[in-house]
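Engineer: Work out the full structure: start from the sequences and follow the hints.
In order, the protein sequence lines correspond to chains A and B. The first sequence begins at 1 in the UniProt record's numbering and counts up one residue at a time. The second sequence begins at 1 in the UniProt record's numbering and counts up one residue at a time.
Derived by calculation from the structure, the hints in this document are not laboratory data. None of the values given here were measured: they were computed from a predicted structure. Among these hints, one or two may not hold up.
Claimed, not checked - Label pairs and their in silico Cβ distance ranges:
1) A:D144 - B:R128: 22 to 30 Å
2) A:P140 - B:A273: 57 to 65 Å
3) A:D80 - B:E134: 22 to 30 Å
4) A:D72 - B:D225: 23 to 31 Å
Stated by the list, open to error - Among chain A residues calculated to face chain B with C-beta under 10 Å, some are:
5) R101
6) E112
7) R113
8) S123
9) I143
10) D144
Ideal Cβ positions, reconstructed from N, Cα and C, are used throughout, including at glycine.
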Amino acid sequence: MSALLQVRGLSRHYGHRIGCEDVSFDLHPGELLCIVGESGSGKSTLLNTVAAQLAPTSGSVRYCQKNGSWLDIGMLNEADRRRLAREEWGFVTQNPRDGLRLNVSAGANVAERLMALGMRNYSQLRGIARNWLERVEIDPSRIDDPPTAFSGGMQQRLQIARTLVTQPRLVFMDEPTAGLDVSVQARILDLLRRLVNELGLAAVMVTHDLAVARLLAARTMVMQGGRVVETGLTDQILDDPQHPYTQLLVSSVLTT
Amino acid sequence: MTYNFAFLDEDTKRMLRRALLKAVAIPGYQVPFGSREMPLPYGWGTGGIQVTAALLGPDDVLKVIDQGADDTTNAVNIRRFFARVAGVATTEHTVDATLIQTRHRIPETSLREDQILVFQVPEPEPLRTLEPREAETRTLHALADYGLMHVKLYEDIAQYGHIATSYDYPVLVDGRYLTSPSPIPKFDNPKMDQSPALMLFGAGREKRLYAIPPYTSVESLAFEDHPFEIQRWEHHCELCGSRESYLDEVVVDDRGSRMFVCSDTDFCSGRRAEAQA
Chain A
1 MSALLQVRGL SRHYGHRIGC EDVSFDLHPG ELLCIVGESG SGKSTLLNTV
51 AAQLAPTSGS VRYCQKNGSW LDIGMLNEAD RRRLAREEWG FVTQNPRDGL
101 RLNVSAGANV AERLMALGMR NYSQLRGIAR NWLERVEIDP SRIDDPPTAF
151 SGGMQQRLQI ARTLVTQPRL VFMDEPTAGL DVSVQARILD LLRRLVNELG
201 LAAVMVTHDL AVARLLAART MVMQGGRVVE TGLTDQILDD PQHPYTQLLV
251 SSVLTT
Chain B
1 MTYNFAFLDE DTKRMLRRAL LKAVAIPGYQ VPFGSREMPL PYGWGTGGIQ
51 VTAALLGPDD VLKVIDQGAD DTTNAVNIRR FFARVAGVAT TEHTVDATLI
101 QTRHRIPETS LREDQILVFQ VPEPEPLRTL EPREAETRTL HALADYGLMH
151 VKLYEDIAQY GHIATSYDYP VLVDGRYLTS PSPIPKFDNP KMDQSPALML
201 FGAGREKRLY AIPPYTSVES LAFEDHPFEI QRWEHHCELC GSRESYLDEV
251 VVDDRGSRMF VCSDTDFCSG RRAEAQA
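Structural biologist: Here you go:
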C-alpha cells in the first residue's frame, strides 16, 4: 500500500537552537503513529512542522490527496494550505480552549467546518452536529450550551467532534489527553481508538505517556534532543528498547 | 478664524479622494486611510464627516440624517458644521440633496444616480466579533473564506429560533467581499442592492473606507431554510399612515402609551403635506 504522508529530512531550527533535526518517516492510510519523548524533545515542533503550521528550515513533507496526486506541503500557498487543513486534515490541540470557539455554542463549534465548506442548510447542520455530539458521548440536548459550561473532558471530546465532522483523512493530535484525570483520559482514548477504527483515519499523535502509545499506536517514534533516536512497532519498542534513552524512558514508567 | 473650504486641508482631501477611488474600484474592500482628528469625538461620525469633506463642492446641497431624522443633535450639528466651514446649501429634503451623510438609515425615498450617500461606520469589519485578530480577518477576506459569518447566524437561530441580527446585517458585495452595511436596520439592506446612488462608508476611529458603487449586487447572507427577512410591523405610521416605511416605537407619556411613527422624518412630513394638499 502506498503512503499517505512522506516526511524526508525535516528540520526546524529556532535561530541556533534545534527544534527538530533530520526527521524522516512514512505514514500509511489508517495508521496511527505516536511520537513520544520527554518535554522539550521536539515532539510538538515536529508535529506542527509536519502539519504546516510552522515553516520547515529544511526537508520536505509530501501528502497524497484524495484524488491520488501528491502535494509538496512546503510549496503550497496559503489558500491551498487552508483548504487542505479544512477539508482533508484535522488538528486536535492539547488545550481544548485553543481549538474551540468559546463564545459560540457547542453545535456551532461542530458545524463551523461544515459551514466553511459551504453547507448552508441550518436543519442539516444541526442534524449532523447532534449526531456527532452523540458519537463523542455528549448529551445532544446540550447542543446549545457554550463550551465554557462543559467539563475539561467534555471540551476535549467536543474538540474531537469538531475536528472529525468533515471526515478528514489525516488528523494531528498534540497530547490530546494531557491535563485530564486518569478516568477521563481512559474514556477519551477509548473513544479515539473507536473513531479511528470506524473512520479509517490516519493520525500522528504526540504524547509523553507511553501507556497511550501502547494502547493506540501500531508504530512509535522516540525523540530526544530534536532527533528521532528509535522507531519501530510500539510493542517492540516498549518491550525491547534498544536505545539507552528509550530504555530509560520505559524503565521510568511506574508499574502497578 | 477662517478654515479651508470644508474644514480639511487640500492635501488631506486628496489623500481621502485617492482612497475613495480605490474603494470604488474594489467594491466592499476596506481601504486604509490616514484618518484625521476632527472637532468632535470618535463615534460621532468622524469617518463620515471626513468623506463628506473630501467630496463637497461649492454647488453641493447637503442633507444629514441621524437614525432617519433630520432634527436630532448629531444631524443638526454636522449640517451646521458644513454650512459654516464650507458655506454649502443644506436641505432636509431627500430629493433636493446631492450629498447625504447618514447615520444608521437609508432614506425611504428612492435615491438617484446623481446622489451620493455617505455612511458613518463604527466597526467596518463584519468578522470582528468572531475573530479579533486583524491579520487573520484580512487573510479571510483575501481568501474569501467567509464560513465564519454563518457561525454567527447559526448561533442566532440556535439561541432565538430565527436570525435575530436586526441591524448591521452582513452583506456580500458584488459576490466577493463580505461587508458591514454599517448599523442600518436590515430593513434597509434590500435598498442597497443595485442602488443607482453611490454609497461610501467611512470609519474614522478604525481608519477604513469602503464603497458600494452604483448598480452593484448586494446580497444579505442567510441559510437555505432560514432566508433573509426584513422587519415588519402590524402598525402603520400614526402621523402619515405609511405601511411601507421603517417605524420607530415612541413612548408618549408616563403611563406606557406608545405610538409608531416613521423613522424617516422627511418622508413622513412629505406624505403629510401631500395628504393636506
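Engineer: Against the earlier hints, flag every one the structure doesn't satisfy and list their numbers going up.
Structural biologist: 4
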